[in-house]
Structures are given as structure tokens and as C-alpha cells.
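J.: Model the full structure from these sequences, guided by the hints.
Okay, here's what each chain looks like letter by letter:
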Amino acid sequence: MSRHRDIRNMDFQDDYDGYDDVYGHSVDDDYYISPSNKQFIYNRDNSRDKNIQEEDEKEAELSDMDKAKLESCITQITEMLGSTLIPRNELVNVIMKFNYNTERSLNALLEQQNKEPERIEQVVAIPRTTIVPADTADKIVKVTAPQQNPLSVTKGFELPPARLDISKLQATSRSQSPASGRGTPVNQEVPDELKTTRRENKIDPDTQYKKERGEGKEHLYMVVIGHVDAGKSTLMGHLLCELGQVNQKVMHKYEQESKKLGKQSFMYAWVLDETGEERTRGITMDVGRFQFETKTKAVTLLDAPGHRDFIPNMISGAGQADVALMVVDATRGEFESGFDYGGQTREHALLVRSLGVSQLAVAINKLDTVSWSQERFDDIVKKLKVFLKQAGFRESDVTFVPCSGLTGQNLIEKPTENELLVWYNGPCLLETIDKFKSPQRPVSKPFRLSINDIFKGTGSAFCVSGRVETGALNVSDKVLVCPNRESAIVKSLSIEEASQLVVFAGDQATVTLSGIEMQNVSVGNILCDPIRPVQVATKFQARIVVFNVQVPITKGYSVVLHHQSLVEPAVITKLISQLNKSTGELEKKHPRFLGNNTSATIEIQVQRPIALELYSECKELGRVMLRQGGVTIAAGLITNITV
Amino acid sequence: MRLVDKSIDKEGEGSITLIPEEPEDMWHAYNLISEGDSVRSTTIRKVQSESATGSSTSNRVRTMLTITVENIDFDTQACMLRLKGRNIEENQYVKMGAYHTLDLELNRKFSLRKHEWDSVSLERVEISVDPTKSADVAAVIMQEGLAHVCLITSSMTLVRAKIDVTIPRKRKGFVQQHEKGLAKFYENVMQGILRHVNFDIVKCVLIGSPGFVRDQFFEYMFQMAVKLDNKVLLDNKSKFMLVHTSSGFKHSLKEVLQDPAVINKISETKAAGEVKALENFYTTLQCEPAKAFYGKKHVETANEAQAIETLLISDNLFRCKDVNLRKEYVNLVDSVRESGGDVKIFSSLHISGEQLEQLTGVAAILRFPMPELEDEDSEAEED
Numbered sequence: 001m002s003r004h005r006d007i008r009n010m011d012f013q014d015d016y017d018g019y020d021d022v023y024g025h026s027v028d029d030d031y032y033i034s035p036s037n038k039q040f041i042y043n044r045d046n047s048r049d050k051n052i053q054e055e056d057e058k059e060a061e062l063s064d065m066d067k068a069k070l071e072s073c074i075t076q077i078t079e080m081l082g083s084t085l086i087p088r089n090e091l092v093n094v095i096m097k098f099n100y101n102t103e104r105s106l107n108a109l110l111e112q113q114n115k116e117p118e119r120i121e122q123v124v125a126i127p128r129t130t131i132v133p134a135d136t137a138d139k140i141v142k143v144t145a146p147q148q149n150p151l152s153v154t155k156g157f158e159l160p161p162a163r164l165d166i167s168k169l170q171a172t173s174r175s176q177s178p179a180s181g182r183g184t185p186v187n188q189e190v191p192d193e194l195k196t197t198r199r200e201n202k203i204d205p206d207t208q209y210k211k212e213r214g215e216g217k218e219h220l221y222m223v224v225i226g227h228v229d230a231g232k233s234t235l236m237g238h239l240l241c242e243l244g245q246v247n248q249k250v251m252h253k254y255e256q257e258s259k260k261l262g263k264q265s266f267m268y269a270w271v272l273d274e275t276g277e278e279r280t281r282g283i284t285m286d287v288g289r290f291q292f293e294t295k296t297k298a299v300t301l302l303d304a305p306g307h308r309d310f311i312p313n314m315i316s317g318a319g320q321a322d323v324a325l326m327v328v329d330a331t332r333g334e335f336e337s338g339f340d341y342g343g344q345t346r347e348h349a350l351l352v353r354s355l356g357v358s359q360l361a362v363a364i365n366k367l368d369t370v371s372w373s374q375e376r377f378d379d380i381v382k383k384l385k386v387f388l389k390q391a392g393f394r395e396s397d398v399t400f401v402p403c404s405g406l407t408g409q410n411l412i413e414k415p416t417e418n419e420l421l422v423w424y425n426g427p428c429l430l431e432t433i434d435k436f437k438s439p440q441r442p443v444s445k446p447f448r449l450s451i452n453d454i455f456k457g458t459g460s461a462f463c464v465s466g467r468v469e470t471g472a473l474n475v476s477d478k479v480l481v482c483p484n485r486e487s488a489i490v491k492s493l494s495i496e497e498a499s500q501l502v503v504f505a506g507d508q509a510t511v512t513l514s515g516i517e518m519q520n521v522s523v524g525n526i527l528c529d530p531i532r533p534v535q536v537a538t539k540f541q542a543r544i545v546v547f548n549v550q551v552p553i554t555k556g557y558s559v560v561l562h563h564q565s566l567v568e569p570a571v572i573t574k575l576i577s578q579l580n581k582s583t584g585e586l587e588k589k590h591p592r593f594l595g596n597n598t599s600a601t602i603e604i605q606v607q608r609p610i611a612l613e614l615y616s617e618c619k620e621l622g623r624v625m626l627r628q629g630g631v632t633i634a635a636g637l638i639t640n641i642t643v
Numbered sequence: 001m002r003l004v005d006k007s008i009d010k011e012g013e014g015s016i017t018l019i020p021e022e023p024e025d026m027w028h029a030y031n032l033i034s035e036g037d038s039v040r041s042t043t044i045r046k047v048q049s050e051s052a053t054g055s056s057t058s059n060r061v062r063t064m065l066t067i068t069v070e071n072i073d074f075d076t077q078a079c080m081l082r083l084k085g086r087n088i089e090e091n092q093y094v095k096m097g098a099y100h101t102l103d104l105e106l107n108r109k110f111s112l113r114k115h116e117w118d119s120v121s122l123e124r125v126e127i128s129v130d131p132t133k134s135a136d137v138a139a140v141i142m143q144e145g146l147a148h149v150c151l152i153t154s155s156m157t158l159v160r161a162k163i164d165v166t167i168p169r170k171r172k173g174f175v176q177q178h179e180k181g182l183a184k185f186y187e188n189v190m191q192g193i194l195r196h197v198n199f200d201i202v203k204c205v206l207i208g209s210p211g212f213v214r215d216q217f218f219e220y221m222f223q224m225a226v227k228l229d230n231k232v233l234l235d236n237k238s239k240f241m242l243v244h245t246s247s248g249f250k251h252s253l254k255e256v257l258q259d260p261a262v263i264n265k266i267s268e269t270k271a272a273g274e275v276k277a278l279e280n281f282y283t284t285l286q287c288e289p290a291k292a293f294y295g296k297k298h299v300e301t302a303n304e305a306q307a308i309e310t311l312l313i314s315d316n317l318f319r320c321k322d323v324n325l326r327k328e329y330v331n332l333v334d335s336v337r338e339s340g341g342d343v344k345i346f347s348s349l350h351i352s353g354e355q356l357e358q359l360t361g362v363a364a365i366l367r368f369p370m371p372e373l374e375d376e377d378s379e380a381e382e383d
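If you're matching them up, the sequences are chains A and B in order. Using the UniProt record's numbering, the first residue of the first sequence is number 1, and each one after it goes up by one. Using the UniProt record's numbering, the first residue of the second sequence is number 1, and each one after it goes up by one.
Calculated directly from the structure, the hints in this document are not laboratory data. It is possible that some hints are incorrect.
Said to hold, decoys possible - When the alpha-carbon atoms are kept at most 20 Å apart in a straight line, the in silico EDC-like pairs for lysine to aspartate or glutamate are as follows: (1) A:K555 / B:E300; (2) B:K184 / A:E277; (3) B:K162 / A:E568; (4) A:K260 / A:E277; (5) B:K237 / B:D215; (6) A:K588 / B:D103; (7) A:K539 / B:E357; (8) A:K574 / B:E374; (9) B:K321 / B:D73; (10) A:K555 / B:E357; (11) A:K389 / A:E336; (12) A:K67 / A:E103.
These figures come from a predicted structure and were not determined experimentally.
T.: In C-alpha cells form, the structure reads like this:
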């Protein structure tokens, strides 16, 4: 019999603890020999430890009067149901819930019973998925609850995997055989067990999150945006340098090498721009990443490219961010060219706002070139304030910081430049970053991760990385890759090279997948919970806000759709209605075209099915961005999905 | 296409004999032939014959058949045209009324008989037999991980290869994987060009991409060409042209064809002309919405007022099965021409044609604003 024993999940310590108590039956009896045996064995096992204990706890608190009531209720109910199939503790619970009303509790119990069979079918359909979480829940409880009675913990959680296996077998055999009556008592127990594991799982993410992330610094993802050559990379490179994140030796190397190329001003930017291509051309092309810590936050920096052609990369970077740092070049003429029509300052700001970033810091960079003129600073701030308000940023969520990326003024320490000290005594850049509030993470929602990158890991498996939008993911969970709806198993998880057992919403995670071909996964796919998967569609309706467009949007307009990290060509198939921009009221049905700064409901069709969600259900996956000819023309929220 | 014979009486009934010479001619033929026409061409048919003893043998014979067309099938990628219909001229192999499917072949003449040759079809014949061929252009539209190799002829855009590869992003310490993925991608695109672009015909290869992808690719391709001693590429280096586009998707081809440098080089291909016309339409719609309309109803009302300056119409509309509907569109075209307007028939195989098709297939730029049209429409749609 030993080969049937689940050796891996056994806790020998507990086994020995209970050994004397269960003297008289062999250990093997816990692992049912055959389905027909189970019902006989189960009760004994159950009454021995779990039930009695809970009864003691519950009933001890009751007064004599209540106890009497309870007892009479129980007898009544057991008489009616004709058996003791329902565990006593559950009976007690139900009865107490309905305040000793026999009839109502009886109804509740019967209803519960009716529901049971359905639940089993569900188990059959997705047997493995339910087992896997149970398994992990098991592990976690062991770690987190040492103070509880080890006996009850073991019995409650050690067994489910084995039992569920049997239930699965039974349910299938039962559905095929006519003798359904025989299975009933067993079935009743199984969902009971299942419910507990499920419930446990549901609560898990939140408590788990608190446990894992309660102490320690809050995580914050910050994207750096701004017009090309505003000095984003240099500013952040210098900041990292001063924070001591960059090795002195490495920095010296960069200095020497950049000198050789005649681009010494780029030495700090090289910290973030790593490929040869980026260095020789002197512009950021893909999102660079770096970590640093402030007093209260652990910040992951995403250095977005500013160049017009790389905005798709910038969108994928900004999609992962909680907050944004906008870098503005204060040099005369440069600010104007970056901000006024054609510059990326506006587009970036609108983009990050539409991607759900609401907190913004504006670093007015290169102020040293205008000799720290307050007039210039105020001028820029004034212009930006008006614009940012229009873009939908609240004034209280926007802060302005004067600084210089190249000389390093006002980055991590109060400025030393006299000209600046005269009029500025606000916080430095690092303090501003520290002041960002980190947003609430939707940990308890169903799991979603949008794939941003796919690469070969070590060994035969491959890794995908991306931001966990909602929910939590444990190692060895089963996930569904949408829109292909292929399932895969999580082999390992890591955040920035550090391996983890569980990742939560907001994390930038690397997931090693197995059980799926690398070719079947592409950038922009969504990993999701197989029980509650995302919707997959080729056609959907969205409420959009049209930005500055040179040609009006008409029916049949072809656009590039950005949804998380997905980039797909799409066609606007219908203009359903034009809405008032501020009130959202209907202005015109079936407009002929949409001009500048209008709001409308439209229908969009993509060639290949994509995974998406309604905005009302999942903010993160309910946003889309429409671009055409290298310009962002509209941002939208998904309001209706046509399946 | 070569015109062999044309006999049309004054009512417009008659037949035309043509010899298709290039794949593109099949596209013209597809646009010419509509259901109900009769087509006469040589074809191969399997004929079963029964001997006196009762044993049957079947063999394939080449024979001349005339059918009334019931069904038309066109494969845009292979440029194959198949016509299905009943035989109307009995011969020794095929009985009257038997079904046959004609495969039109290159360099074999066919004659087409219509009950009515309208102006649009006659114009189509004229265009198709025009010997002055405009430049044949190949275009590669790419971005990191995605490329389309297309051939652009005067009335068709054919996507010959689509390369879609996932390239790992650059990440700390793993730049290698990124670069390896990129090299593999470039290799695929290069193979796509070598396989699908015939440098004897193609006069110009456009490489369009955002950022520096095109430059990197160009560099890679010629490095490889030197390494592999690929004469074809090296000899034709001057035919390559690098252009900026906003993305690697197919519809970015529009941007390529708008590039002034490209327009100079490929001088007035139909494709470029169409893109320009559609762009004009959109600009008018933005600046003077009362002067640009789309949709059959609007355009027809505008035409009644003789207001149409330029009519944009997709050739898809002339291929419809409903004879009366087709007649309406032909009348529209004729009447616009009569009143001195310009008519541009878009090829639905071009990018601009695809977009026009989505836009109901017909659009017009007017000589003078007709705001009443706009009002009328909102009333009509409300009830």
C-alpha cells in the first residue's frame, strides 16, 4: 500500500503526534482504498479530530438555554433528513445563522444539497486546476500558521489532494453508471472539503499580500517621459549614480568611452541605454529599467524613449507604471519645440493619463542653461499647468521640480547653486518621488498578466515577463494564455532576478512557463486565471476621446490599436454616436466623422482575436489607445464586447 | 492584355477577344466578367466514353467551350480566375447545358460577350490593353518583429510574405538574445525579398520602417550579400530606397506611397494617385465638412445637383451581382463625367481602395458646400 501514499505531502511530525490518538487503525486508512470504502471510513476520521474540536469551541460559548434550543433543532433536522450525512459542525453553523429557526435552516441545508451536484461537474471539467491551488494553499498554511493546532491543520489540508483525486474518479464513474444513489453521501462530503479550500484560496491573495508585503518598502513603478532629448536618461542616470546604484568603476568606464565617441554628455544616459545602437545614436529606443530606493519606497524606474518612432515602446512601458515623471527641457526654444504642436511632451502626457497614471511629477530640466531663471521656470510651469489640467491631471497630483540632470543639481540633495536657492526651497527630485502615493493593488481580483517580453530561460522552458495587472499568482498554478486559450503551468516566478513563491498585482514579474510551445505565445497575450478567463473577441465598442487629428476619423479608418503591450492593426467599423465631451450626453447619432477633441462611441474590429475586458470590470485591461501615422489619435475605454 | 478583336454594335451588345499576358491581366478580367456574360475559351475537360462492350474509359481533351458565367472565383494571391457555368455551344465532347469550370490561362485568348458593354467596362478594357506599363514596385514594410513584403503593380498590391517573429527585448545582461532574435528576423526578411522580388521586372524596392530598423536591415542585407557573394542583390543595390513609416503594418504602405521622394521615382502609378485622392478627401472633410460626403445616398443627391468635382469609387461596386445596382453606379460615373467631374476608380486591392471600401465604397469631393445634405442626414437617421 505504501506506493499509494502521498509521501511528498506528508508531514511526519504531525503523523507522529497523532499516532497515539489514532491507535487502532493503520495509517493507510487515511488513504482510501476504494471509492466504496470511503464513506465508511470518513466519518470515523472526521469525528475523531476536526468535528469535536469545532463543536467544543462553538458550543462552549453558548448559554444553557441556547444549547437546549440547538440540540432540539439538530434532532429535528436529522430526523427530517433521515441521516447524519451533514456534519454536525455545519448543522450548528447553519442553525446559529438562522437563529435556531428549524424550518429556515432546513431549507438552507436542502438548497445547499441541491447545489452540490453542479459543483462536482465543475470539478470534473477542471480537475487539475482545483487541485493545484489546494496544494499551494496547503503549503502556505503550513508556513503561516504555526500557532494553530497542528493536528487539525494537517487533517484539514493534508488530505484534500488525495480526496479530490478520488472524488474526481468517482464523479466520472458515477456519471457513467446508473447507480447514482450510492455516490450521494460521498459527494456531499467532497464539495464541503472543496468549499473550504476554495474559500481559503479566495481569501488568500489579500492575506498573503499583507503577509508578504506588509512590512518593507512600498513598491512603486515610475515611468520617465518627455520629448526626445529632454534629458530623461541623463537625469535618471545621474540620479542613480548619486544614489550609489552604479558602480564607480562602471561609471568611469562610461565616462572614458563616451569621451572617445565625443559624446561625453551622454555618459549618464549610458547607465540606462545599454545596447550599442542606442549609445551610438544617443537616443533611447526601448524601455530601460532600474531599481532604486527612497526613504519609504522601492522604486522601479522605467526609462521610456522620447523619440516619435518609439512611442509604441513607450506605451508598453507606461502601461506598467503607477506614476510618471515628466522631464521638460527648459532651454529656450527647446521647451517650445517639445511642447507646442508636433512635440512629444503633449502626446506623452496624454498617453500616460489615458493609461491610467494620475500622479505626475514634472522635472524642469537643464535650468542651468538659462542660469536658473525663476521667470523661465514660472513661465513653463504656467503653460504646463493649463495643459495638464486639460489632460485630466488634478492640480494636487502634479508637482514641479527645477533641476539639472547633467550637473546634478537638486536631484537627491537640496541645491547648492545660489541662483536657484534664491527662489526655490521646495523638495528635491528624490523627495518628490518619495512623496508619490503608491496605489491600491487589486490583489483579490482574478489573475491577469499581460505579456511584454518572451525569452528563453535556462533549460528547456521559456520565460515571459510582464506586469501582473490584477490578482496573484503562485508557483505551480495553472494559467491560460489568451487569446489562444492554451493552458500552461507556472514553473517558477521571479521579480527582478529574485525568485518568488507568489507575485501580486502591480509586480513586474517573470514567469517561467511549461507545457506550452514558445511559438504559441506572443507579446501582448494575456495570462489569466483558467477559472475566470479574460474575454476574447475581434469586435468591441469603445468610448473614445479624440486628440488632435489632422484628418477626421471616419468609418473604415484603419488604425493601430494599442492594448497593454499588444499592438494590432484595427479598423473602425462604425461610428455609433458622438458624445458631449464634458457631460457625456448624446450629441449626434451616427456622425459622419469625428473631428478634433470630440468624444464618441465607436465600434472597432481587429483581424485576429484579442484578449480584453470591459473597463467596468477591469480598468487595467479595459483601456485602448488608437494611433495612426505615428500620432496618437484617440484613447478609449471598452464599453461593450461583441463575442 | 492584348486586344484581338472587338465587335460591339450600337446598342452596346457584342464581344471582345483578349489575350491575358500578365497575372495582373487576370485581375482586369475578373473586373470585366460579370455573371450572365458568356465566355469562350479553350479548356481541358475530362471526357468519359463508353465502348461497345460497355467498358468506360476517361481521358482529358482540350476543347473550345462557351459558357454562360454563373460563378466567378478569383484568387488574389495566385492571380487565378475560375469561371463556372453552363455550356451553350454543344460540341462532340460536351453536351448543351453541361456544367464546366473554365480556368482562364495566361497567353490563351478568350472572348467575352456581354449584352451590354457599359462605359466602365469599356474603360477597363482600354486600361488593361494600355502597353505603357507603369513601374513595378516592391515594398518591404517593417518594424521590429514584423515585416510585409509586398508587390505593387498599377492596380494591385499583393502581400507576398508576412514575417512575424517575436524578438526578446533587451534586458540587463541579456542583450545577446535580443540581437540574435533581430538577426534571425532580418535573415527571414532578406529571404522573403530574394524569393518574391524579381529584380528583372521590379524597378524599385522600397524599405519602410519606423526608427532605425530599415537602416539596420539594409546594412545587414548587404553585409550578408557580400559575404554570400549574392550577385542579384549587389547588382541591384541602387534600386533600394529607404523611407520612413510609422509602423510595420500593411496600412503603413499608404505612407510610403505619399513620400515625395517615392512619388518622384515611381511617377504616378495608380496606387500613388489613389492615395493622394483619398488624402484630399479626408483633408476636405476636416476643413470643409460640407464639401465632402460619402455613402451612396449622399453622393447621389450631390450628383443630382451636379456638385461633384471628384468622385472616388471602388471597383468592388462594379463587381456586384445585382445588375441594376451595377447600372446605378455606372450611371453615376457617367453623369459625373458628363458634368465635367473627375472620376477615380479605386482598385480594391490597393491599401487606399481597402479603406474606401470600408467607407461605403463611394465618396465625393464637391465643387461647392452642400450643408443641407448634412442636416438632412441627421434627420433621416434619427427616425
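J.: Each of the hints needs a verdict: does it hold here or not?
T.: Now for the hints, and whether the structure bears them out:
Our distance criterion of 20 Å between C-alpha atoms is met by A:K555 and B:E300, whose separation comes to about 19 Å. The hinted pair formed by B:K184 and A:E277 meets the criterion: a straight-line CA distance of about 17 Å does not exceed 20 Å. Using a Cα cut-off of 20 Å, the hinted pair B:K162 and A:E568 holds, with the two alpha carbons roughly 14 Å apart. For the hint linking A:K260 to A:E277, the alpha-carbon distance of about 16 Å falls within 20 Å, and the restraint holds.
Distance hint between B:K237 and B:D215 is fulfilled; the C-alpha atoms sit about 14 Å from each other, no more than 20 Å. Proximity of A:K588 to B:D103 is assessed by CA-CA distance (about 51 Å); at most 20 Å being required, the pair is judged violated. In summary, the hint linking A:K539 to B:E357 is supported, as the alpha carbons are separated by about 18 Å, within the 20 Å threshold. Our distance criterion of 20 Å between C-alpha atoms is met by A:K574 and B:E374, whose separation comes to about 18 Å.
A C-alpha spacing of about 13 Å is found between B:K321 and B:D73, which places the hinted pair at or below 20 Å, so the restraint holds. Between A:K555 and B:E357 the CA atoms are separated by roughly 10 Å; this keeps the pair inside 20 Å, and the hint holds. The suggested pairing of A:K389 with A:E336 holds, with an alpha-carbon distance near 18 Å, which does not exceed 20 Å. For a cut-off of 20 Å, the pair hint linking A:K67 to A:E103 stands: about 18 Å separates their Cα positions.
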